[in-house]
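Number of protein chains: 2
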Amino acid sequence: MADNRAIGVFDSGLGGLTVLAAIQKKFPHENLIYFGDTARVPYGSKSRDTVIRYSLEIQEFLIKQDVKMIVVACNTASSHALDEMRRKNNIPVLGVVEPGVRALTNNYKNVLRAAVIATKSTIKSGSYDAAMKEVNREIYLYSKACPLLVPLIEEGFTDRKATEMILREYLDEIIREDIHYIILGCTHYPLLKSMIERLYPGIVLIDSSIETAVMLEGLLQTHNINSDSGYRGTMKLFVSDITDSLLDMEKLFFGGTIDSLEKITLGW
Amino acid sequence: MADNRAIGVFDSGLGGLTVLAAIQKKFPHENLIYFGDTARVPYGSKSRDTVIRYSLEIQEFLIKQDVKMIVVACNTASSHALDEMRRKNNIPVLGVVEPGVRALTNNYKNVLRAAVIATKSTIKSGSYDAAMKEVNREIYLYSKACPLLVPLIEEGFTDRKATEMILREYLDEIIREDIHYIILGCTHYPLLKSMIERLYPGIVLIDSSIETAVMLEGLLQTHNINSDSGYRGTMKLFVSDITDSLLDMEKLFFGGTIDSLEKITLGW
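Residue numbers (the working numbering), protein chains in the order written: chain A, 10 to 277; chain B, 10 to 277.
Source of the hints: derived by calculation from the structure; they are not laboratory data.
Everything numeric in this text was worked out from a predicted model, so none of it was measured.
Beta carbons are placed, not taken as given, at the ideal position from N, Cα and C, and that holds for glycine.
Please note that a few of the clues may not be correct.
[Unchecked claim] If you want the footprint, here are the derived chain B segments under chain A, 3+ residues with CB under 8 Å:
(1) 54–63
(2) 82–95
(3) 151–163
(4) 247–255
[As the list claims (entries may be wrong)] Within a straight-line C-alpha distance of at most 30 Å, the following computed DSS-like cross-link-like pairs (lysine-lysine) qualify:
(5) B/133 <-> A/272
(6) A/77 <-> A/35
(7) A/97 <-> B/129
(8) B/129 <-> A/129
(9) B/129 <-> A/245
(10) A/129 <-> B/170
(11) A/272 <-> A/129
[Claimed, not checked] Label pairs and their calculated CB-CB ranges:
(12) A/65 <-> B/72: 22 to 32 Å
(13) A/148 <-> B/257: 27 to 37 Å
(14) A/72 <-> B/168: 24 to 34 Å
Just chain A, with the same shape it has in the complex (with noise of 0.2 Å):
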């Protein structure tokens, strides 16, 4: 029996698109449903507390939309919600940290420092410690938290030499620590992928997203909830507000072949 049921993905603002988009390509045939929380976003400056009540308001608007997962796509939410949100409810939750500590141990054999760079809320979290301790106890890992790649990122200073400097600050001393592996744990972080890789020449950066989708293939197949191979998923996003920036954010990550836009109020 197929389950033609969305899977619900969310964020705190857009950059999980980057997760949705690794979803959509390796699971064409799913209907995927997107929550970005424009009116509150950033998450990885708030607290735990704030970070958990946002997440199962979210998670309460998907299980409205009768989705039958949801992928976290914030590595804060991640960070702080997971036990929360499992906690409610019945259907599946994966998150974007596991996935992340898994594509660096799955795919790089015999490393023993690695580096993970977040936000200060992801960092202070201590989420990535706890994963790696369950996937490898021999894996040194150094975090950083970086506040303000973000909103450089939303900013498009991609390709600024302030962003260069400010870049420079941040992992100097992770290369310092010999160092280089670096997780990238923020759905953002990619954006910067091609600056890092040329200020640090030789570095090795570990992207969540395509591990995120590979232990998706797991659940859906663990829970027999894959829907009709034939059939051609759609894509419907869901944002709490519909800032200047969300047309620019969504052409950047996806290049506009999503199916519905609509602004939804949360927490009102």
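Starting from the known structure of chain A, arrange chain B on it as the hints suggest.
For chain B alone, coordinates are given in the frame of chain A:
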């Protein structure tokens, strides 16, 4: 008859503490209640509708605290929400846009060209143009959105080379317009005053906080709602999220003279 009810002051986050400090200095006998919407900060990249919705919600909270008037110490909220706020209640509401314009026209005579720098949402609202037209139709006002300055200030990057480069990118086009008077249209920007003055010697920076306190004085008199002058006022701080940077910012802007701090959940 003295009116010892508090003056309510609010901002999207903690930048409005610059305005609170100016008010407290001028009116040490007034009780002050500040609300910082740290769970939804920043407002500057959000839409008009969302900023109005948030402002009305905060107004409702402040009125429940029995304030005698409200100062909107946030340029973005002042730009979008004053009319709606005034329509919903009958206590005086003062924004920071008109004081910013008056701080220029009252203190510098014969100015013919000026600029305002602010968030995207403030600039897009056209509020400074409208206020300038009310006050002095002869002055040409150049508007420039500077969206990265708030994140840089909140991260304490007020002394960095990268911040200088981003400032130059924003401000060089103002200087090329042969403009030497710049209104700081965001309550965070005074923290970049010394850097801007060093980069552009001879530039005159206009800060609305002092003029806001001056206009407040007039409002208190007109409405006959001054407090007892012998009385030492209290200062209460409310926020919607207790974030890591909260205590740093409070120290940076204010220096530990707050009487109480409490977290309030709105919109849930």
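Here is what the structure says about each hint:
Only residues whose beta carbon comes within less than 8 Å of a beta carbon in chain A count, and the segment 54–63 of chain B has 6; three or more means the coverage holds. As drawn, the segment 82–95 of chain B meets chain A at 0 residues by the rule of a beta-carbon pair under 8 Å; below three, the given contact is violated. Figure legend: the segment 151–163 of chain B, annotated as covered by chain A; annotation consistent (5 residues with Cβ-Cβ distances under 8 Å, at least 3 required). Look at the segment 247–255 of chain B against chain A: 6 of its residues bring a Cβ nearer than 8 Å to a Cβ of that chain, three or more, so the hint holds.
A C-alpha spacing of about 20 Å is found between residue 133 of chain B and residue 272 of chain A, which places the hinted pair at or below 30 Å, so the restraint holds. The hinted pair formed by residue 77 of chain A and residue 35 of chain A meets the criterion: a straight-line CA distance of about 17 Å does not exceed 30 Å. Taking the CA atoms of residue 97 of chain A and residue 129 of chain B, the gap is about 38 Å. The hint is violated against a cut of 30 Å. Straight-line distance between C-alpha atoms of residue 129 of chain B and residue 129 of chain A comes to about 24 Å, which keeps the hinted pair within the 30 Å bound.
Note on residue 129 of chain B and residue 245 of chain A: the hinted pairing holds, with a Cα-Cα distance of about 27 Å set against a maximum of 30 Å. With a C-alpha separation of about 22 Å, the suggested pairing of residue 129 of chain A with residue 170 of chain B holds against the 30 Å cut-off. Simply put, residue 272 of chain A and residue 129 of chain A have alpha-carbon atoms about 28 Å apart, close enough for the 30 Å limit, and the pair holds. For residue 65 of chain A paired with residue 72 of chain B, a C-beta distance near 29 Å keeps the hint of 22 to 32 Å intact.
Taking 27 to 37 Å as the suggested C-beta distance range, the pair residue 148 of chain A and residue 257 of chain B conforms, at roughly 33 Å. About 48 Å separates the C-beta atoms of residue 72 of chain A and residue 168 of chain B, a value inconsistent with the hinted range of 24 to 34 Å.
Of the hints listed earlier, those the structure fails to meet are numbers 2, 7 and 14, in rising order.
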